[in-house]
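**Q** Sequence:
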Amino acid sequence: MISSMRTKAHLVLLALHYVAGLTAAPAMTTNVCASPAFAAAPVIAMGRTPASIKVLVQGEYVCFQFNISDDTVQWGSLAIASTPKMVGDTPYNVVILDVAAPPALLYTMKGGGLQDTTVNADQSPINVTQSTHINGVLSFTFQRRLAAVVDSDVAIDPSGVTTLTWSYDTKSFPSDHKASGALQLTLNAAHNVNAPLNTLYTAVIAAGVFGVMLALGIVATYLGRFRLINYTTLCAPPKSDKGLAPLVQILADLKIGEGIIVLLFLGALVGASLYLQTPTPILNYARFAFISGHLSLLSLMFSLIPIARGPHWQHLFGSSHDRVLKFHRASSWLFVLFGLVHLVLYIPATSPVSTQVYGQSAVWPIAAPSFATR
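In mature numbering (1 follows the signal peptide of the UniProt record, and there is no 0), the protein residues as written are -24 to -1, 1 to 350.
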C-alpha cells in the first residue's frame, strides 16, 4: 500500500513538472555529465565520511555527481548554498534522491522543518542524468548552469569558492538527516583531489585552559600574597541540612582559587560547545549528540591528568592531593555523563557495534560503551 501511494504521488509530481515546463528555463544545449572529461574527473572525498563528490565545469555548465556509501541510506541531498549552514536565511534549491522514488529531484529548502522542504514544480534548472542505489551506494548526477536561473538558485563562480551542503538519512524521506556537512571548493582548481579536513580544536581548548590553570596556580602560590584567594571559601557553611544545603556545602568547601579553577573548566565546556556549532566539512549529526561526544572527550582529558600522590600538585597550586582528587572525580563523572548522553542519542541512528567510522576523528561507535566501563 505504501509503495502504491509513493508511486501515485511520484506520478503526480512528474505531471506537475510537465505542466511547469511551459514556463521553464531554456533547455541545456550541452551535456557535460556525458563527456569523457567528466568520467575522468577525480572523486573528491569529503573528509573521513561516507560522502564523496565529482565535479566538472565546461563553458556555462557544471556537472555534479554525489555519492553516499552506506548500506542503510534511504535518501541523500546535495545543495549549492550561499553559507555552510544547512538552513540558510533565504530559500535555496537542493537536489534530493529518495531511493524509494527515483530519480533525484529539485527541491526548495525554506526552513528547518520537514514540511519546509518542498519539491519544485519546475525541474528545468537541473538536468538529472543518473540516479542509482546499488550495492549500498547512493549516487546521483546532475547538471546545472553556473548562472542562477530562478530566485532559489545560488550562482556559481568557478574561479571562486563554492559552498556545498549535503545530508543523508537511513529513514524514509522526509526525515531528519542522520548526518550532514558542508564543503567549500574552488571548482576550477586543479588541486581539488581530496577535500581538506578542518581541524577540531577540542584538545587545544582543553590544553589551553589547563595551561591557564597551571599559570594561575604558580602565580597564586609563588608570586604574591593571595590569602583571599588561597584561604577564603566561596561562602559560609549551611546552617541546616534542608533545601539547597548540599549545594551550599559544596561551595563552602571550595576556596576562591579553587572556584576559579572550576569556572575555567566549565568555561572550557561552554567554549567547546560554542565552537563546535561552527559548520565544518565533517559529519554533523544531531547537534547536541555531536557536541556531547566532544564534551565527554574534553572531560576525559582532564580526568586523565596524573593525580598520583606526590609534591607536584602542592608545588603548583599549594593544594593537597585530596583537593586535586575531588576535581578528578568530578571531571570523570562528567565524562561518563556526557558519554552516556552521546551514546543514547546515537543509538537510534547507528549500531553501537558498527565498525563504520564517522567524522574526522574516525570514531567507532563501539568506543562509547568501551569507555563507559572505565
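There could be a bad hint or two in this list.
[To be verified] The list that follows gives simulated cross-link-like pairs (lysine-lysine, DSS-like), each with its CA atoms no further than 25 Å apart:
{"hint": "1", "residue 1": "302", "residue 2": "215"}
{"hint": "2", "residue 1": "218", "residue 2": "231"}
{"hint": "3", "residue 1": "302", "residue 2": "218"}
{"hint": "4", "residue 1": "30", "residue 2": "61"}
{"hint": "5", "residue 1": "215", "residue 2": "231"}
{"hint": "6", "residue 1": "147", "residue 2": "218"}
{"hint": "7", "residue 1": "61", "residue 2": "86"}
{"hint": "8", "residue 1": "147", "residue 2": "231"}
{"hint": "9", "residue 1": "147", "residue 2": "86"}
Quick caveat, the hints were computed from the structure, so don't treat them as lab data.
**Q** Next step is simple, just say for each hint if it's right about the structure.
**A** Structure-based check of each hint:
no.	hint	in the structure
1	302 with 215	holds (24 Å)
2	218 with 231	holds (23 Å)
3	302 with 218	holds (24 Å)
4	30 with 61	holds (21 Å)
5	215 with 231	holds (19 Å)
6	147 with 218	violated (49 Å)
7	61 with 86	holds (13 Å)
8	147 with 231	violated (52 Å)
9	147 with 86	holds (21 Å)
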